[in-house]
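First residue of the sequence shown? That's 1 in UniProt numbering, and the numbers climb one at a time after it.
By construction, these hints were calculated from the structure, which means they are not laboratory data. Some clues are possibly wrong.
[Stated by the list, open to error] What follows is a list of derived Cβ distance ranges for each label pair:
| no. | residue 1 | residue 2 | range |
| --- | --- | --- | --- |
| 1 | V34 | V14 | 16 to 26 Å |
| 2 | E51 | I24 | 28 to 38 Å |
| 3 | R61 | I24 | 41 to 51 Å |
| 4 | I24 | L56 | 34 to 44 Å |
| 5 | R41 | G62 | 28 to 38 Å |
| 6 | P15 | L35 | 22 to 32 Å |
C-beta atoms are modelled at their ideal positions from N, C-alpha and C, and glycine is treated no differently.
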Amino acid sequence: MIAAAIGVLVLCHVPLLVAFAVAIVVVLPLSLLVLRGLRGRVASGLAARAEERAQLRAQLRG
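Based on the provided sequences and hints, a complete structural model is requested.
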């Protein structure tokens, strides 16, 4: 995604370093929107695993 943004900017005759900086500023917030579902699934999976570990530790304690 960043490479595509850099490529478009370079084709528009923007210097490479400027294109890189602009691409990062544009793509990072965009990725938060695009990957929202994946982030939610990972967070819920981590929460479920933490709950499972807490239950296992409680069983080990007796």
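- Message: Within 22 to 32 Å: is that where the Cβ-Cβ distance between P15 and L35 falls?
- Response: Holds - the Cβ-Cβ distance for P15 and L35, about 29 Å, lies within 22 to 32 Å.
- Measuring from beta carbon to beta carbon, are V34 and V14 in 16 to 26 Å? holds (23 Å)
- Message: Range first: 28 to 38 Å. Now tell me if the beta carbons of R41 and G62 are that far apart.
- Response: Check passed, 34 Å falls within 28 to 38 Å.
- How does the Cβ-Cβ distance of E51 and I24 compare with 28 to 38 Å: does it lie in that range? holds (36 Å)
- Item | Cβ separation of R61 and I24, checked against the hinted range 41 to 51 Å | 48 Å Cβ-Cβ, so the 41 to 51 Å window holds.
- Distance restraint hint 34 to 44 Å, applied to the beta-carbon atoms of I24 and L56: holds (41 Å)
Comparing the model with each earlier hint shows no violations; every hint is respected.
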